Amino acid sequence: MSSLRTDRGAPSLDSPGPHQQNKPAQERPDTTVLLSSIGLEKTYHKAKVAIPVLRGADFEVHEGEFLSIVGQSGSGKSTLLHLLATLDQPDAGEIYFEGNRIDCLPAASRDILRNRYFGMIFQFYHLLPELTTLENVLMPTMIQLGLFKYWFGKSRHRKRARQLLDMVGLSHRLKHRPKELSGGEMQRAAIARSLMSEPQILLADEPTGNLDQEAGQEIMGILRTLNQQRNLTIVMVTHDQQIARQTDRTVRLVEGRVEGS
Amino acid sequence: MYKWLLISRYLRTRYIALASIISVMLGVATLIVVNSVMAGFGQEMHNRLHGILSDVVISSYDLNGLPDAEKHKQEIRALLGDDVQGMTAIVQVPAMLNFQYDGQWHTFQVNLIGIDDASYAQVSDFSAYLLHPDNQKQLDFLLREDGYAVGRKNFPESGWIRRRARVEYEKVLREQQLLESSLLEPDKPSATEEPVPSTPEFGEGGADSIPPPPFALGENQQDLDRGVEFDPAVEQHTGIVLGISICSIRSRDEDGEVRDYYLCAPGDDVQVTFPNSGRPPRAVSDSFTVVDLYESKMSEYDSSFAFVPLSRLQSLRGMVDQERGVAHVSAIQIKLREGADLNRARDRLQARFPAMQYGYRIETWKDMQGPLLSAVQLETTILNILLFLIIAVAGFGILATFFMIVVEKTRDIGILKSLGAPSRGVMSIFVGYGLALGIMGAGIGTVLGLLFVENINQIADGIGWLTGREIFDPTVYYFQEIPVIISPLAVVLVATGSVLIAVAASLLPARKAARLHPVEALRYE
Chain R
1 MSSLRTDRGA
11 PSLDSPGPHQ
21 QNKPAQERPD
31 TTVLLSSIGL
41 EKTYHKAKVA
51 IPVLRGADFE
61 VHEGEFLSIV
71 GQSGSGKSTL
81 LHLLATLDQP
91 DAGEIYFEGN
101 RIDCLPAASR
111 DILRNRYFGM
121 IFQFYHLLPE
131 LTTLENVLMP
141 TMIQLGLFKY
151 WFGKSRHRKR
161 ARQLLDMVGL
171 SHRLKHRPKE
181 LSGGEMQRAA
191 IARSLMSEPQ
201 ILLADEPTGN
211 LDQEAGQEIM
221 GILRTLNQQR
231 NLTIVMVTHD
241 QQIARQTDRT
251 VRLVEGRVEG
261 S
Chain V
262 MYKWLLISRY
272 LRTRYIALAS
282 IISVMLGVAT
292 LIVVNSVMAG
302 FGQEMHNRLH
312 GILSDVVISS
322 YDLNGLPDAE
332 KHKQEIRALL
342 GDDVQGMTAI
352 VQVPAMLNFQ
362 YDGQWHTFQV
372 NLIGIDDASY
382 AQVSDFSAYL
392 LHPDNQKQLD
402 FLLREDGYAV
412 GRKNFPESGW
422 IRRRARVEYE
432 KVLREQQLLE
442 SSLLEPDKPS
452 ATEEPVPSTP
462 EFGEGGADSI
472 PPPPFALGEN
482 QQDLDRGVEF
492 DPAVEQHTGI
502 VLGISICSIR
512 SRDEDGEVRD
522 YYLCAPGDDV
532 QVTFPNSGRP
542 PRAVSDSFTV
552 VDLYESKMSE
562 YDSSFAFVPL
572 SRLQSLRGMV
582 DQERGVAHVS
592 AIQIKLREGA
602 DLNRARDRLQ
612 ARFPAMQYGY
622 RIETWKDMQG
632 PLLSAVQLET
642 TILNILLFLI
652 IAVAGFGILA
662 TFFMIVVEKT
672 RDIGILKSLG
682 APSRGVMSIF
692 VGYGLALGIM
702 GAGIGTVLGL
712 LFVENINQIA
722 DGIGWLTGRE
732 IFDPTVYYFQ
742 EIPVIISPLA
752 VVLVATGSVL
762 IAVAASLLPA
772 RKAARLHPVE
782 ALRYE
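These protein sequence lines map, in sequence, to chains R and V. Here the first sequence stands for residues 1 to 261, numbered as in the working numbering. Here the second sequence stands for residues 262 to 786, numbered as in the working numbering.
With the rest of the complex left out, here is chain R (with noise of 0.2 Å):
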């Protein structure tokens, strides 16, 4: 975290963040947080009628968790999710990573935390419809480098995200384009787009969502093997009872709020 610039009153690695004292993690004692919320608001505006989402909603993830967030279509859960990974900001509360407040630094230290700290994968797997499925992987990393520091290790990059790929499956579909792709084959490609900057958490969004029964269950493999091999922290919304049964804790959206497992 250290290329991470910290904001205004935000607490060093070495100082326990407040969420600390609010709710200990009884369960696994042994692990530290990686990341947390407290008291996150947010509300939409539709038409100048006012839609409260999350209303005081504190979470916590542990390092190396398997944690799925469940909840009623509108709870909430896809709001957390993006307010957690800075897609998006809260209204009110505080957003830690690693005892790091990160829900108010600037834009271009967001941008980096997303590119080199935060892996995600989305619904609607949203790969880039011109790019290969390989360059699509490679993304992360062309984004983090500019064209010189690229081309330099362009082959190492490419190596890793073949690789990559090769874990998820798919080394037969490099030069595919994501239309050619059948939903399951996206899926995992992204998948590999998440792991090729090595985040610390990957946030997923509803990762089985479209898809069916067997491509689902592939991907849930794929997600236990990296938290299991890799010891990888996930953060998993689903509204699937069912996938959410698959993983090590299952927390609730209610109203707004979060409510333990």
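Rather than coming from a laboratory, the hints here were simulated on the basis of the structure. There is no bait here: all hints are sound.
Cut-off 20 Å, straight-line C-alpha distance, at most; resulting in silico cross-link-like pairs (SDA-like, lysine to any residue):
| hint | chain 1 | residue 1 | chain 2 | residue 2 |
| --- | --- | --- | --- | --- |
| 1 | R | K154 | V | I268 |
| 2 | R | K46 | V | R784 |
| 3 | R | K175 | V | M262 |
| 4 | V | K773 | R | A108 |
| 5 | R | K154 | V | W265 |
| 6 | V | K773 | V | F657 |
| 7 | R | K149 | V | W265 |
| 8 | R | K179 | V | R672 |
| 9 | R | K149 | R | E198 |
| 10 | R | K46 | V | V780 |
| 11 | R | K46 | V | Y785 |
| 12 | R | K179 | V | T274 |
| 13 | R | K154 | V | M262 |
| 14 | R | K175 | V | I268 |
Quick caveat, the model's predicted, so the values are computed rather than measured.
Since the structure of chain R is already known, use the hints to place chain V on it.
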């Protein structure tokens, strides 16, 4: 890195944007073509005007001109020093020119110019426009035996050959007429036997002499009358050089080929009537023999200029002061050395010969042709503005297309942002895209424009062949080829200008893209 990849990918997949740069391309190509052709025209005209007019001209408002050219020349040389490369004095009067062709008298209004054959060629490109190769070296107002306009199609046989042939022909014709008339009316005396006043000598002033009526005194008749002392087969009148359009008609024959028909050619005689220097001026006439034709390809000059020897014109008009032995001239033309400041020379001359005191008009050649030159300049400027507006319109096309593309790519922009691409990076994708399109449009346009200019004559021929109508009708325009000058600076300016317009047009959509909220962009369906 991702920016370049995406720009190159968008270039290859978004054909709608390529369509929008065609207008940039066409605008650039048109601008280059128009600029080159206009510059070519302008340069051609400049050269011709300048070639004919010399650099600075001191002329008198008075028809009788300024006195004592030699003294003026000394003054000028003293004033301008080494800048003066050549000087010549001329007499210029309005005149009427008559000649007979096919039994009809043709009359033209001409600008009669008396020139000093030794020095006139030094101040202007006069010699280069003559048709006989020897006259191009040095004109002496003497008819040549042969060899006019070598290689020119349809040019009639000229020189002494023509003159002798005509005399021979007229003799035969005359005998035939005599025979016919004596057979029909044996009592009536033939036309030649009638008393005809001989051509009077035009002396000093010439005020009392009455010019013979041209219809009564035909050219050939006059020759016959003076047959004793003047034999047209071996003698010539004073030489005259005629503008080529005075004595030729350019039109198409049955096959549609452009042809020149010559009404008179070197070797023929013409009559010229002009005012003498009396008060009020009276008309003076004299016969001249055409010794050459003058073709500057400026229709204004070719259809009005007639050159005769200066001394002859001065004495015919009575411009020679008998007592002092000095002659008046209408104007002094000055040629300055290359690179000399014309305006400065003019101003110094004006200071030396103030208009209030001398009544001289002192102008550079640019002053004299100012309205024409500035009209061409204005035309070029307005065309440039109009054509740049075309590129601006193309810019708005890019603007609209880019807004569409940004809307279409909203989700991709959200993806890029979720992967950590900064807003600046997203913006630079679209600005770079605009830049790439601009460079492509301007580049292809430049190449097209230059190719067009290179092959403009063939293209003009091709279009003429397709439409059945020649673009540049040689019966109207004097040049055989369309003159073009490619100015590298203009090409670079046009190309960079249109690239800038393309970039400017992409700025607004790019900013919109950069400001998209990632979450909303991701949700966008």
